[in-house]
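Peer 1: Kindly generate the complete structure, drawing on both the sequences and the hints.
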Amino acid sequence: MNILEACYVAGSVFLIGMVISFVVAAMIKSIFTVIKFRNNSSAKQKGWKHSPLATNMPQAK
Amino acid sequence: MPDISILNLFQGLSTLFASDTSITVARLALIALGILLVYLGAKNVLEPLIMIPMGFGMASVNAAVLFLSGGRMGTIFIDPLITDPAQLMNILQIDFLQPIYTFTFSNGLIACFIFMGIGVMTEIGYVLAAPFSSMLIAICAELGTVATFPIAVAMGLNYNEAASIAMVGGADGPMVLYTSLMLAKDLFVPITIVAYLYLSLTYGGYPYLIKFLIPKRLRGIQMDLTKIPTVTAGEKIAFSIITCTVLSLLFPVAAPLFMSFFLGVTVKEAGIKHYVSFIEGPLLYGSTFFMGILLGVLCEANTILNPKILILLVLGILALLLSGIGGIAGGYIMYFISKGKFNPVIGIAGVSCVPTTAKVAQKAATESNVQALVLPYAIGANISGVITSAVLTGIYVSLVPLLK
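The listed protein sequences derive, respectively, from chains A and B.
Numbering of the first sequence is given in the working numbering, commencing with residue 1048 and proceeding in unit increments.
Numbering of the second sequence is given in the working numbering, commencing with residue 48 and proceeding in unit increments.
Source of the hints: derived by calculation from the structure; they are not laboratory data.
Misleading hints may appear alongside valid ones.
[What the hints assert, rightly or not] One side of the interface only, derived from the structure: several residues of chain B facing chain A at Cβ under 8 angstroms:
# : residue
1 : P178
2 : F179
3 : F196
4 : I434
Each residue gets a CB set at the ideal place from its N, CA and C atoms; glycine is no exception.
Peer 2: Put into structure tokens, the structure is as follows:
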């Protein structure tokens, strides 16, 4: 055991911890983005189906 | 009539005279400390939930030493050092706290129960609202957890012991307990006691650190709360299960902690009321109560009298001090990135002593400006601190045993 090696270990622990923390943060952002995208697209779909244009549109024969 | 010595009748007293002077002095000192902890806990100077049962255990176990079979001295409370299965079966039937110690404490189950309770009480939405700034502050607030490791090695501890005491910088009691149980079983009693004693002092000590490092005009910066988006229960559950799975995949050794915490969060967000009331009531308070008693009972003079205790005391306070400084540095980084719109006081909440440090941040902000509301951001940093502490626990527990 020497102090230099301990410093190296501590530095590695910090770097790995930092990378994983930012990966977690990025995961949060992407979960948000995916859910918002899904909500927006389903809202648009719902809006289109229930819009006056959709309900008054003549059915294709 | 048989000749009965008064000292044989009162064995607690006679063992005081029959022990080495150092053990006698340590027993008397620990009895006094136990009484002091009960007093300070009852006065709310220290955390009463831990300190009152711990003080009782400490005073009682050091008074109740008696002569056991073979003339050796001990107690009928607990034997933490027993390893032989046959002896353990015997002790389980004699020492009244041994079943709780063996089946919940020495395998880390009690730490997981407490972590589950923390998960149920946690509002994770604030982390999801500002994930990058919360995580940045939280990782900066792990400065003590990282920097204490080489300092501990320089002071003569081995890697396992150094990693265990360094985790005090994470300011999370169950995490320190878990790490020391995994890495330094011989020292887990003094390390955990040092951790809980110091964690009780954060509420009193950190406000001075904030005043020393942050000028009053910066402490009073108002945060823009309109930027906090609404987070639905579904988003929180999605985040919990994905993060838990990924972290468990990366660090299987710390998976019990991850699972406990995120399960607590999910149970709450799923609205399972019976589970929530069970986990945040009987499970959390029951675990905290028994952990307090066991920590106190483990402070028996023979067990705790270790030449390394002074080093642990110094390193514990150093770890918490460095983490506080690191957290405030993280707050300053966010202050500069946001061009002066971020209150650096929030940095202290990166130290994951939930919810104490978040309350310390809010109190410091309010003292400078009564309209400065920083609590939502502080809680976000606080919860991120719990996640980063768990991540660093996972890294230490996985990495350190691989080192020669």
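Peer 1: Taking the hints in turn, state whether each one holds.
Peer 2: Verification of the hints:
{"no.": "1", "hint": "P178", "in the structure": "holds, 4 angstroms"}
{"no.": "2", "hint": "F179", "in the structure": "holds, 5 angstroms"}
{"no.": "3", "hint": "F196", "in the structure": "holds, 4 angstroms"}
{"no.": "4", "hint": "I434", "in the structure": "holds, 6 angstroms"}
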